[in-house]
Amino acid sequence: AQSVTQLDSQVPVFEEAPVELRCNYSSSVSVYLFWYVQYPNQGLQLLLKYLSGSTLVKGINGFEAEFNKSQTSFHLRKPSVHISDTAEYFCAVSEMDSSYKLIFGSGTRLLVRP
Amino acid sequence: EAQVTQNPRYLITVTGKKLTVTCSQNMNHEYMSWYRQDPGLGLRQIYYSMNVEVTDKGDVPEGYKVSRKEKRNFPLILESPSPNQTSLYFCASSLGGTRGYTFGSGTRLTVV
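Sequence lines, in order, name chains X and R. Residue numbering for the first sequence follows this note's numbering, starting at 1 and increasing by one per position. Residue numbering for the second sequence follows this note's numbering, starting at 1 and increasing by one per position.
Keep in mind that the hints were calculated from the coordinates and are not lab data. Here the structure is a predicted model, which means the values were calculated and not measured. Where is the CB? At the ideal position from N, CA and C, for every residue including glycine. A couple of the hints might just be wrong.
As the list claims (entries may be wrong) - Distance windows between CB atoms, simulated:
hint, chain 1, residue 1, chain 2, residue 2, range
1, R, 3, X, 8, 30 to 36 angstroms
2, R, 27, X, 58, 21 to 27 angstroms
3, X, 53, R, 59, 26 to 32 angstroms
4, R, 99, X, 28, 19 to 25 angstroms
5, R, 112, X, 45, 30 to 36 angstroms
Said to hold, decoys possible - One side only, chain R facing chain X, incomplete, derived with CB under 8 angstroms:
hint, residue
6, 31
7, 45
8, 100
Take the sequences, apply the hints, and build the full model.
See the structure below:
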């Protein structure tokens, strides 16, 4: 069965600094990978997804993520964060032949300070 | 506007009193799913549905029921709620495949 690990429960960073949120997954078959963002008191919004092809994917709000098959990782990055990026970020995985089953990591709270 | 609508947004109830959380989507999505979100645990899938009258258990189905009689609706039923079901619940829908899920705004349930 697949699983997702987000090792950092909280990442504090100063405004305009770069940030990386880590995600590792485990699966015995090919997968789709997603990053979602949850702003306070809201639902989840899709940031970006990796399906196939180029390992570097770009999403909304200046975020990007790199798929590394050998390390089974899908880390999220942004070169310069804003106060408005303060939110919780979730990595998720689904197997290609059962995409109705989306498994989430425990989340990373990004706290951007002025 | 394309969306997933959950009701109610907030609910406080007592142990053992049956309740239903409604979920409706207007995007003609085949897949629908219920998740619960708890601090430090992320989102865990309760039930999912691949189409009308086709549902299956997720990772934490105990104490919950669902039905999918129409494509747009996927209610979550708690027959006898208990305090350990206090949580934030999300309904989501998807066309499937590569598209990922679209989430509702959530229902915060407190069982006392």
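Structure-based check of all given hints:
1. R:3 to X:8: 30 to 36 angstroms: 31 angstroms, holds
2. R:27 to X:58: 21 to 27 angstroms: 24 angstroms, holds
3. X:53 to R:59: 26 to 32 angstroms: The hint (26 to 32 angstroms, Cβ to Cβ) holds, given that residue 53 of chain X and residue 59 of chain R are roughly 30 angstroms apart.
4. R:99 to X:28: 19 to 25 angstroms: Given about 23 angstroms between the Cβ atoms, the range holds.
5. R:112 to X:45: 30 to 36 angstroms: 31 angstroms, holds
6. 31: 4 angstroms, holds
7. 45: Holds - the Cβ of residue 45 of chain R comes within 8 angstroms of chain X, reaching about 7 angstroms at its closest.
8. 100: Constraint on residue 100 of chain R satisfied, holds at 5 angstroms.
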